[in-house]
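J.: With chain D fixed as given, assemble chain F onto it according to the hints.
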Amino acid sequence: MVFAHGFGCDQNMWRFVEPTFAGDFKTVLFDHVGAGGSDLKAYDRSKYATLAGYADDVVEIGRELGLKDAVFVGHSVSSMIGALAVQKAPGMFGKLVMVGPSARYIDDDNYVGGFSEQQIEELLQFLDSNHMGWSAQMAPAIMGNPDRPELGEELTNSFCRTDPEIAKAFARVTFKSDNRADLAKIDIPTLVLQCSEDVIASKEVGEFVHRGIPGSELIILEATGHCPNLSAPDEVIAAMKTFV
Amino acid sequence: MDSRRIDDFQDMFDNAPCGYVTLLTNGRIARVNRKLLGWTGHTPDQMIGKPFSGFLNMAGRIYYETHIAPLLRMQGFFDGFAIDMVTAAGEHLQMIASATDGRDAGGKTLFTRIALIKAVDRRLYERGLLEARDTAAMGLARERENSELREQFIAVLGHDLRNPLASISAGARILGRDATTEKQHQILAMLETTVMRMAGLIDNVLDFARGRLGGGIILDRNANAPVERMLHQVIDELRLSSPGRQIEAEYAIDAPVNCDRIRIGQLVSNLVGNALSHGATNEPVRVRAVTEDGLFKLSVANGGEPIPEAAMEKLFEPFFRGEVRASRQGLGLGLHIASQIAKAHEGSLNVTSTVEETRFTFVMPLR
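Sequence order for the protein chains is D and F. Everything in the first sequence is counted per my numbering, starting at 245 for the first residue and increasing by one. Everything in the second sequence is counted per my numbering, starting at 4 for the first residue and increasing by one.
The following block holds chain D by itself, in its conformation from the complex (with noise of 0.2 Å):
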């Protein structure tokens, strides 16, 4: 079972739900290159321009490790790299599990993703007055050292730290991504968890996905906003293991 984090943190989103599966499965927890502890050298700009760059990445850990028949477990953005790796490595995965997927952010003609182009631009904007624990002083050790992260402790804020410049890029790629195309061709069993309230993927984003992949299963979650797998733990493990 392979857990794959959203935008804005790593695979310390997972830490309240892959512990319950790691008897039955064996467990795979990633960072994306340029998340968490992730080689910041190994972050290309045109590689990662695209969320096809982070599918390869998972079809190589896939490949990697033998994967077969495994379940992908993607929270946010996750869940569309999960759709594009699914179609990348027929067979590699059995059973996809998106945790408030979207498909497109920003508005379309008939379709409604929550977001407007200039909100977008806004936003990446705002990250960079938020600089999340990251300093010019500090990179150094921090990329020197991915697996060493006390380096960094004295910074207030030790999780999800990210460059700056790589965190807006991953924003860009996420917010400007456009999936609609791909739902159609997931042709393993899936299952969305959508929150009841969540600004990031509303509920109709969510039905949307689930109407888009042929057979998929959705559950409502009673749990807001955008990170059950935080806020509502016991939740998301329960609505998982009716499906896995």
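Source of the hints: derived by calculation from the structure; they are not laboratory data. Every residue gets a Cβ at the ideal spot worked out from N, C-alpha and C, and that includes glycine. Any given hint might turn out to be false.
Where chain F lies over chain D, by a calculated footprint (3+ residues, C-beta under 8 Å) [what the hints assert, rightly or not]:
{"#": "1", "segment": "248-258"}
{"#": "2", "segment": "279-286"}
{"#": "3", "segment": "433-447"}
{"#": "4", "segment": "467-474"}
T.: Chain F only, in chain D's frame:
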């Protein structure tokens, strides 16, 4: 309520120098203090029971959901983040905030408290700094690109300028074999001189461009190769190209000189060329190279008019050109590059100029 008491906690909550808001675990507002209501222009009814993120601008909402809420669950606090609230009038209110989770004994989150400080000016100032940084970064990237292009251009230019010179020189040498008259020999010697001067100019121009754009002059030092032979060769060439002029050379080199011989040759060539251009034509140019007191000293002297006081200061600056007849007019780079070569050798190049003589002296440690 006339007299406010110092230990009145309700008053402290409502009239604190910051905004306070308490959220339930579902993100809805349970309590809000009067200060924040005043800042935002909302009534308690408008705020209580509503999702806090609904009072943020869109960027703030996304940030709250993707960063603040997860971090609060993970570490229980999040200090000093920027967030924009939206007032009842629809205006953005720039804030700096800190949030703390309230948890029960089992670690279960019960509520979240957020303190907000109005930071319009500070955020504006930060915005300005960020913009300045971005502008500088963009400018730097553009400059780097230009400088790379220029480097390539210089390399190609140097190559393309040297090739035709080599052909002219080779052609003149072939013609020299069949030259019979004095006139023919004179013309061929003149051709050789011109080629040499031209080659020297190209070297100087390329060095100057590179020295300025790249990391200065890079040396290829060798302490074992003899310096004297190189000096002989350079001075012989200069004699050949300046018929009718006398160049006296005196050597006393008895220790190895750890230098880049090609560069020192260029330095000598530039200094002697300078002396030939500016010195009295009826007096010899005197070159002296010695090793003494752990130093390598090389001087080039000529007679004639002394260098004017005003010119002395600018002598080693690029593009400085003294009064000289047009045919000898250079680019004004020779002395500048000679001084750069001296500097690269951790040495110095100095000048003294009197009515008796003008003398340039290069000194470098032997080490």
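J.: All the hints need checking, so say for each whether the structure fits it.
T.: Quick rundown of the hints versus the structure:
1. Counting residues of the segment 248-258 of chain D whose beta carbon lies closer than 8 Å to any beta carbon of chain F gives 6, which reaches the threshold of three, so the coverage claim holds.
2. With a cut-off of 8 Å between beta carbons, the segment 279-286 of chain D has 0 residues touching chain F; three or more are needed, and the interface restraint is violated.
3. Restraint check on the segment 433-447 of chain D versus chain F: 4 residues with Cβ-Cβ distances below 8 Å, three needed, restraint holds.
4. Restraint check on the segment 467-474 of chain D versus chain F: 5 residues with Cβ-Cβ distances below 8 Å, three needed, restraint holds.
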